[in-house]
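Next come the chains, spelled out residue by residue.
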Amino acid sequence: MAVKKLSKEKIGEALKELSKFRLIAPARSDEVVIFKEIADPEEAYLDYGNSTVPPKKVVFPQTETLFRFMVGNPELEEKNVEEEGTTVIFGLRPCDARAMAIVEKLFSWDYDDPYFLKRRELTTLVGMACVEPPSVNCFCPSVGGGPFGKEGLDLLLTDMGDYYLVQSLTDKGKKLEETLASQLEDAAGGDEKKAEGMAAEAEGKIRRSIKTEGIPEKLPGLWENDLWKKVSAACLGCGICTFLCPTCHCFDIQDEVEELGDGRRCRMWDSCMFSEYSLHASGHNPRPTRRERTRNRISHKYSYYPSRFDVIACVGCGRCINLCPVNIDILDILEQVVDA
Amino acid sequence: MVDINKLREIAAEVISRDDVRELIGYRPGTYGFRARPAFVTGPEEVDRLIFTPACVNNLATYITLEEKLPVPRGQEPDTRKVAVMVKGCDSRALVQQMEEKAYGRDQVVVLGIPCTGVVDMARVEARFPGVLELGEIALEGGKFVLSFDGKVEEVPKDELLADKCARCRYPTPLVYDQLLDDEVARFADDDYSDIEALEKRSMEDKWGYWEEKFSRCIRCYSCRNVCPMCYCEDCVLDRINPTWMRRSVDISENTAFHIARAYHLAGRCIQCGECQRVCPAKIPLMELNRKFYKDVGELYDYEPGTNVEAAPLLATFSVEDREDFIL
Numbered sequence: 003m004a005v006k007k008l009s010k011e012k013i014g015e016a017l018k019e020l021s022k023f024r025l026i027a028p029a030r031s032d033e034v035v036i037f038k039e040i041a042d043p044e045e046a047y048l049d050y051g052n053s054t055v056p057p058k059k060v061v062f063p064q065t066e067t068l069f070r071f072m073v074g075n076p077e078l079e080e081k082n083v084e085e086e087g088t089t090v091i092f093g094l095r096p097c098d099a100r101a102m103a104i105v106e107k108l109f110s111w112d113y114d115d116p117y118f119l120k121r122r123e124l125t126t127l128v129g130m131a132c133v134e135p136p137s138v139n140c141f142c143p144s145v146g147g148g149p150f151g152k153e154g155l156d157l158l159l160t161d162m163g164d165y166y167l168v169q170s171l172t173d174k175g176k177k178l179e180e181t182l183a184s185q186l187e188d189a190a191g192g193d194e195k196k197a198e199g200m201a202a203e204a205e206g207k208i209r210r211s212i213k214t215e216g217i218p219e220k221l222p223g224l225w226e227n228d229l230w231k232k233v234s235a236a237c238l239g240c241g242i243c244t245f246l247c248p249t250c251h252c253f254d255i256q257d258e259v260e261e262l263g264d265g266r267r268c269r270m271w272d273s274c275m276f277s278e279y280s281l282h283a284s285g286h287n288p289r290p291t292r293r294e295r296t297r298n299r300i301s302h303k304y305s306y307y308p309s310r311f312d313v314i315a316c317v318g319c320g321r322c323i324n325l326c327p328v329n330i331d332i333l334d335i336l337e338q339v340v341d342a
Numbered sequence: 012m013v014d015i016n017k018l019r020e021i022a023a024e025v026i027s028r029d030d031v032r033e034l035i036g037y038r039p040g041t042y043g044f045r046a047r048p049a050f051v052t053g054p055e056e057v058d059r060l061i062f063t064p065a066c067v068n069n070l071a072t073y074i075t076l077e078e079k080l081p082v083p084r085g086q087e088p089d090t091r092k093v094a095v096m097v098k099g100c101d102s103r104a105l106v107q108q109m110e111e112k113a114y115g116r117d118q119v120v121v122l123g124i125p126c127t128g129v130v131d132m133a134r135v136e137a138r139f140p141g142v143l144e145l146g147e148i149a150l151e152g153g154k155f156v157l158s159f160d161g162k163v164e165e166v167p168k169d170e171l172l173a174d175k176c177a178r179c180r181y182p183t184p185l186v187y188d189q190l191l192d193d194e195v196a197r198f199a200d201d202d203y204s205d206i207e208a209l210e211k212r213s214m215e216d217k218w219g220y221w222e223e224k225f226s227r228c229i230r231c232y233s234c235r236n237v238c239p240m241c242y243c244e245d246c247v248l249d250r251i252n253p254t255w256m257r258r259s260v261d262i263s264e265n266t267a268f269h270i271a272r273a274y275h276l277a278g279r280c281i282q283c284g285e286c287q288r289v290c291p292a293k294i295p296l297m298e299l300n301r302k303f304y305k306d307v308g309e310l311y312d313y314e315p316g317t318n319v320e321a322a323p324l325l326a327t328f329s330v331e332d333r334e335d336f337i338l
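Respectively, the protein sequence lines represent chains A and B. Numbering of the first sequence is given in the numbering used here, commencing with residue 3 and proceeding in unit increments. Numbering of the second sequence is given in the numbering used here, commencing with residue 12 and proceeding in unit increments.
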């Protein structure tokens with residue numbers, strides 16, 4: 003099957019076609035770019051760097067109801083993810099798609115998380131290659147990704163000027179191509195080769211990096227090292243770095259009781275940078291200060307996760323660096339780990 | 012501009028004192044134009060200290076943010092002072108904290124920096140994107156001078172100045188042990204024109220405005236954590252039993268959160284603007300805080316964080332107090 007292309011003139015038409023599914027795309031809210039459900043193709047904002055909040059929230063919502071309970075009714079009203087229907091995330095960045103594939107290893111490890119996995123199954127990911135790095139703090143090649151990375155994606159679009167090159171990567175991707183049959187055209191023979199050249203060029207524009215070799219093995223030995231106090235001194239203990247991280251996946255489960263005793267059990271994102279995250283019922287907190295919490299954040303991403311799943315739980319999107327209120331910089335920390 | 016050598020000299024003197032444990036100042040950041048907080052424990056470390064218009068953080072937050080571990084049996088707690096560098100706005104946080112008796116004046120050494128304004132880093136980075144190597148920002152002759160990647164660019168002050176600085180009433184610190192430069196006279200004020208315009212809009216209109224903003228909130232609590240006035244050891248937001256505020260992120264809980272926070276800062280917010288600066292969802296939180304600040308000034312002739320000897324607004328009562336707005 004020939005590689006396809008989508009003319010930019012037909013992008014509105016294509017999005018309209020896709021809006022028969024639950025269509026999620028980047029959109030603007032004031033000057034902030036967020037992923038949201040799009041009803042009108044005009045809302046989609048594809049000429050963006052990267053979104054503030056990663057699209058992980060589509061498959062792993064910040065708050066979701068697991069079931070509802072009612073007074074006097076022994077039956078629980080269980081959540082049926084299926085009802086959310088077939089979903090298309092259009093125009094996400096390769097790092098954010100790769101993050102979903104990385105997190106899936108955890109959600110399908112000792113227990114198959116029905117909510118996450120069902121949503122993954124229902125969702126088709128249409129990526130947008132990073133011809134230009136979205137941020138000065140991008141470092142995806144250092145952690146196994148790339149600006150044209152395909153891992154986790156079903157389709158990859160590459161901006162070729164007047165049109166997008168459309169490469170389908172999975173069966174789901176092929177199916178979506180069929181849906182868009184009347185908007186897609188055959189691409190020219192040399193386009194794929196050209197995209198390869200663009201990918202190499204894009205990778206060359208990424209200026210931050212870290213040599214990760216040896217870090218996962220080294221981290222456990224640095225448990226009591228002075229570096230943790232130094233790198234966490236400025237930390238405010240907010241949730242920006244974890245909530246905006248495409249691979250952070252911690253959650254809490256709470257019951258929320260409404261009027262008259264009806265209510266719901268829901269799960270919501272939690273952050274290991276919050277003090278009450280590790281607070282025991284006894285009042286003891288095994289991670290009593292930001293030093294231990296920072297050590298955990300870095301160690302989880304760069305040691306515990308790779309030792310269990312053979313992959314670093316960081317995709318190099320740079321969000322935690324860009325948005326930290328006090329310029330705590332994960333690459334700066336990792337360099338200190340290397341030097342320690 | 013503060014003389015950097017003088018700043019380091021004074022810092023070295025202060026941190027060498029037996030009764031000072033730590034000095035909190037600024038040092039260059041890790042990339043671009045960023046600066047970051049520095050925690051100095053000995054005179055050999057003062058060479059990394061800087062002060063430039065990139066030093067946006069309000070360091071007063073760190074005085075109350077410290078998490079103290081229980082002191083092991085047989086050991087005495089470290090009661091030495093903390094020294095902190097503050098701009099005019101930041102100093103008001105110290106004043107308000109002390110007004111509320113969070114700690115005593117003798118527990119801190121305050122190095123005051125008369126301030127001519129800091130940048131809005133988001134504006135700087137939007138104007139000069141992709142700067143990785145450390146650049147420098149200085150304020151010279153009414154212009155920001157940015158040096159980076161071998162270039163020097165001049166930008167009129169008002170194009171990169173932080174909004175809070177364009178409304179600043181107290182550029183010179185209101186509390187200090189040593190002032191690092193000559194006093195800076197008031198060069199701006201808040202005319203509240205945008206707040207008044209917002210007040211005049213219909214209820215429906217106002218709700219539409221805030222609904223969009225609050226719906227973006229991800230409840231990372233960076234606004235709370237960066238706030239020098241949010242220093243409760245046990246925050247109502249973190250309480251689980253009872254749950255005063257649900258952890259669910261939706262428009263209802265987000266709105267409740269922001270209203271609660273604004274009320275808790277009424278008569279206390281000192282207008283440093285840190286909450287709005289750090290918000291990843293770019294919620295204009297200072298519009299709420301300025302509305303309260305304006306009301307408190309008009310109704311009670313009170314300005315938070317201006318007088319260490321004053322009693323906090325909500326801890327005082329006078330029979331003349333306005334109460335006609337109470338339902």
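Take these hints with a grain of salt, some might be off.
To be verified - Here are the simulated DSBU-like cross-link-like pairs (lysine-lysine), alpha carbons at most 35 Å apart as the crow flies:
1) K79(B) - K231(A)
2) K231(A) - K217(B)
3) K17(B) - K107(A)
4) K195(A) - K81(A)
5) K120(A) - K176(A)
6) K207(A) - K293(B)
7) K302(B) - K18(A)
8) K302(B) - K232(A)
9) K112(B) - K231(A)
10) K154(B) - K207(A)
11) K232(A) - K207(A)
12) K293(B) - K231(A)
13) K162(B) - K120(A)
14) K293(B) - K22(A)
15) K232(A) - K17(B)
16) K293(B) - K10(A)
17) K231(A) - K154(B)
18) K207(A) - K162(B)
19) K12(A) - K293(B)
20) K17(B) - K217(B)
21) K293(B) - K213(A)
22) K220(A) - K217(B)
23) K232(A) - K217(B)
24) K152(A) - K293(B)
25) K302(B) - K213(A)
26) K293(B) - K232(A)
27) K176(A) - K107(A)
28) K81(A) - K293(B)
29) K18(A) - K293(B)
30) K232(A) - K92(B)
These are computed hints drawn from the structure, not numbers from a lab.
Structure-based check of each hint:
1. At most 35 Å may separate the alpha-carbon atoms for a hinted pair to count; K79(B) and K231(A) meet this at roughly 13 Å.
2. Between the alpha carbons of K231(A) and K217(B) the distance comes to roughly 45 Å, so the proposed pair goes past 35 Å and is violated.
3. Taking the CA atoms of K17(B) and K107(A), the gap is about 55 Å. The hint is violated against a cut of 35 Å.
4. At most 35 Å may separate the alpha-carbon atoms for a hinted pair to count; K195(A) and K81(A) exceed this at roughly 46 Å.
5. As the CA atoms of K120(A) and K176(A) are separated by approximately 20 Å, the hinted pair is consistent with the 35 Å bound.
6. A threshold of 35 Å between alpha carbons decides the hint, and for K207(A) with K293(B) the separation of about 28 Å falls inside it, so the pair holds.
7. The hinted pair formed by K302(B) and K18(A) fails the criterion: a straight-line CA distance of about 43 Å is larger than 35 Å.
8. For the hint linking K302(B) to K232(A), the alpha-carbon distance of about 39 Å lies beyond 35 Å, and the restraint is violated.
9. As the CA atoms of K112(B) and K231(A) are separated by approximately 28 Å, the hinted pair is consistent with the 35 Å bound.
10. Proximity of K154(B) to K207(A) is assessed by CA-CA distance (about 32 Å); at most 35 Å being required, the pair is judged to hold.
11. With a CA separation close to 31 Å, the supplied pair K232(A) and K207(A) stays within the 35 Å bound.
12. Restraint check: the Cα-Cα separation between K293(B) and K231(A) comes to about 30 Å, which is no more than 35 Å; the hinted pair holds.
13. Proposed proximity of K162(B) and K120(A) is contradicted: the alpha carbons are some 53 Å apart, above 35 Å.
14. With a C-alpha separation of about 32 Å, the suggested pairing of K293(B) with K22(A) holds against the 35 Å cut-off.
15. Our distance criterion of 35 Å between C-alpha atoms is met by K232(A) and K17(B), whose separation comes to about 26 Å.
16. The suggested pairing of K293(B) with K10(A) holds, with an alpha-carbon distance near 31 Å, which does not exceed 35 Å.
17. Taken as a hint, the K231(A) and K154(B) pair is broken in the structure, with Cα atoms around 38 Å apart against an allowance of 35 Å.
18. Note on K207(A) and K162(B): the hinted pairing holds, with a Cα-Cα distance of about 20 Å set against a maximum of 35 Å.
19. Among the hinted pairs, K12(A) with K293(B) is consistent with the structure: their alpha-carbon atoms are about 33 Å apart, no more than 35 Å.
20. For the hint linking K17(B) to K217(B), the alpha-carbon distance of about 49 Å lies beyond 35 Å, and the restraint is violated.
21. Distance restraint check for K293(B) and K213(A): the Cα-Cα separation of roughly 34 Å lies within the 35 Å cut-off, and the hinted pair is therefore satisfied.
22. Pair hint K220(A) plus K217(B) does not hold up; C-alpha atoms about 54 Å apart against a cutoff of 35 Å.
23. A distance of roughly 44 Å separates the Cα atoms of K232(A) and K217(B); the hinted pair therefore is violated under the 35 Å criterion.
24. Only pairs whose Cα atoms come within 35 Å are accepted, and K152(A) paired with K293(B) is accepted, the gap being roughly 31 Å.
25. Distance hint between K302(B) and K213(A) is unfulfilled; the C-alpha atoms sit about 49 Å from each other, more than 35 Å.
26. Between the alpha carbons of K293(B) and K232(A) the distance comes to roughly 29 Å, so the proposed pair stays at or under 35 Å and holds.
27. Taking the CA atoms of K176(A) and K107(A), the gap is near 24 Å; set against the 35 Å cutoff, the hint holds.
28. Of the supplied pair hints, the one linking K81(A) and K293(B) holds, its CA atoms being roughly 32 Å apart against a limit of 35 Å.
29. Restraint check for K18(A) and K293(B): satisfied, since their Cα atoms lie roughly 30 Å apart, inside the 35 Å limit.
30. Pair hint K232(A) plus K92(B) holds up; C-alpha atoms about 19 Å apart against a cutoff of 35 Å.
The structure is inconsistent with the numbered hints 2, 3, 4, 7, 8, 13, 17, 20, 22, 23, 25, although it conforms to all the rest.
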